[in-house]
Every structure is written in C-alpha cells, then in structure tokens.
Amino acid sequence: YGVVTMPFSVRMGINAFLAGFIPTENLRFRDAALSFKVSERAEAESGDKNDVMRSYSYPGMTKTQQNKQSKFILHVEAGSFTDSEIIVLLGENGTGKTTFVRMLAGLLKSDEQAKLEEEGMDYEASQAGVPDLNVSYKPQKISPKFQGTVRQLLHKRVRDSYVHPQFVSDVMKPLVIDNIIDNGVQTLSGGELQRLAIVLALGQPADVYLLDEPS
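Each residue of the sequence shown is one higher than the one before, counting from 1 in the UniProt record's numbering.
Simulated from the structure, these hints should not be mistaken for laboratory data. Ideal Cβ placement from N, Cα and C applies to all residues, glycine included. Fair warning: there could be bad hints in the mix.
Unchecked claim - Straight-line Cα separation of at most 30 Å, BS3-like style, residue types lysine-lysine; simulated pairs:
(1) Lys141 with Lys115
(2) Lys109 with Lys97
(3) Lys156 with Lys141
(4) Lys115 with Lys97
(5) Lys109 with Lys141
(6) Lys68 with Lys156
(7) Lys173 with Lys71
(8) Lys145 with Lys156
(9) Lys97 with Lys71
(10) Lys141 with Lys97
(11) Lys115 with Lys173
(12) Lys145 with Lys97
Unchecked claim - Here are the simulated distance ranges between beta carbons:
(13) Asn183 with Gln204: 44 to 52 Å
(14) Ala32 with Ala206: 18 to 26 Å
(15) Gly120 with Leu34: 51 to 59 Å
(16) Leu18 with Gly148: 35 to 43 Å
(17) Thr187 with Asp207: 27 to 35 Å
(18) Asp182 with Thr24: 38 to 46 Å
(19) Pro7 with Leu34: 54 to 62 Å
(20) Thr24 with Pro131: 47 to 55 Å
Taking the hints into account, I'd like the entire structure generated from these sequences.
See the structure below:
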C-alpha cells in the first residue's frame, strides 16, 4: 500500500520533502519538518540578526608532558574557528591530538599558564590559555560508572534532547541507540559505549562540541 502523487516542480518537491507533508494528498509522512538553522544560539545572544556567526580564538601554547622514560612537548600555533563549522583533526598516534583537545576543553593548562600561576599572576594566566568556552566534550576513553540502563542515563543527562524529534532523527537513529536503549550501561561493548558517549555529548547545549575519537 502506498500513495503516488503527480510530479512536482523542483521547488515544490523540495518544500514538500522538507515539510514532511504532501498538500495535494493531505498526507503527512514525517512527524516533524526538517529545518536548517545557522548558529541559532549566537543569533539569539547577540541580538543582531545580521550577526549570526561567532568566532573563537586561542593563543599559541606549549604543553610539556614527561615521565621517567620519555618527554613530549606539544607546540600549538594560535588559531580560530567559528560557529557552524566542523573541523576534523587528523594525525598519527602520539602527535598530541588528545592533549590539544583537552586543552581546548579547559581540562589541561598550558605551560605558559602554569608558569604565570606559579608567579601569582592569575589574570595574566587566564589570558594566556584558551578562553572560557561553553564546551561539551567526549573523551577518547570511556569508563562507565552509571549502574542503570541506557534509557535511564539519557533521561538523567539529556532529558530534553533525547526525545526531541529532530535530535532523534539526526543523532539517535543514525547511531542506532534504540537497539541498546534498555541495556545496562555496564554491559555495553566498547563501540556501544562510544555511540552512547557521542549522544550524551551532542545532547548537551554548548557553543563548542569536542569529540575525541568519535569513530
């Protein structure tokens, strides 16, 4: 059983697909319309409808990590990025990708910050590192401690997001969360934990989403 419509023009066909509704047949084939919004948070907070892009920048930084066997020094060049921009960071193992992401997330301080703090220059230290960002971060390694089911964890951490139709279609369904939603978090495989962690990260309202090893 199905419905076959008469041909639409390109414009009308695209609009019907996005709306999830065929007006000539009075038929709805999707619960919610597909909408594409550019930097909605930035537009709402700036108050200027013409200024929908927000830029973030970070200074040049150095991070030294060492143990008895080895010493690693990461040199970060100053850079910037904007809202509604997806950046993929590629590199061989051990080149400092996770260290850099953790610095952006505010979980690691640069050598410059640490030195200034030791000298009692707290304000200068705050200016020497990454500016305060509203960040949602998915770490590379997942160590679950929650004792309930996936559904209970989603309800606790991202209650509003995980039932929103747009979030379900854009995130939950592609990551096939329905197949594990009633499983215990402690029983999930490594890949299932990664998928769950991505959902939890994307379900948080944030300006910047940092996903370490999302594949």
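Consistency of the hints with the structure:
{"no.": "1", "hint": "Lys141 with Lys115", "result": "holds (29 Å)"}
{"no.": "2", "hint": "Lys109 with Lys97", "result": "holds (15 Å)"}
{"no.": "3", "hint": "Lys156 with Lys141", "result": "holds (21 Å)"}
{"no.": "4", "hint": "Lys115 with Lys97", "result": "holds (23 Å)"}
{"no.": "5", "hint": "Lys109 with Lys141", "result": "holds (20 Å)"}
{"no.": "6", "hint": "Lys68 with Lys156", "result": "violated (42 Å)"}
{"no.": "7", "hint": "Lys173 with Lys71", "result": "violated (43 Å)"}
{"no.": "8", "hint": "Lys145 with Lys156", "result": "holds (14 Å)"}
{"no.": "9", "hint": "Lys97 with Lys71", "result": "holds (16 Å)"}
{"no.": "10", "hint": "Lys141 with Lys97", "result": "holds (14 Å)"}
{"no.": "11", "hint": "Lys115 with Lys173", "result": "violated (47 Å)"}
{"no.": "12", "hint": "Lys145 with Lys97", "result": "holds (26 Å)"}
{"no.": "13", "hint": "Asn183 with Gln204: 44 to 52 Å", "result": "violated (22 Å)"}
{"no.": "14", "hint": "Ala32 with Ala206: 18 to 26 Å", "result": "holds (22 Å)"}
{"no.": "15", "hint": "Gly120 with Leu34: 51 to 59 Å", "result": "holds (54 Å)"}
{"no.": "16", "hint": "Leu18 with Gly148: 35 to 43 Å", "result": "holds (37 Å)"}
{"no.": "17", "hint": "Thr187 with Asp207: 27 to 35 Å", "result": "holds (34 Å)"}
{"no.": "18", "hint": "Asp182 with Thr24: 38 to 46 Å", "result": "holds (41 Å)"}
{"no.": "19", "hint": "Pro7 with Leu34: 54 to 62 Å", "result": "violated (21 Å)"}
{"no.": "20", "hint": "Thr24 with Pro131: 47 to 55 Å", "result": "holds (52 Å)"}
The earlier numbered hints that this structure contradicts are 6, 7, 11, 13 and 19.
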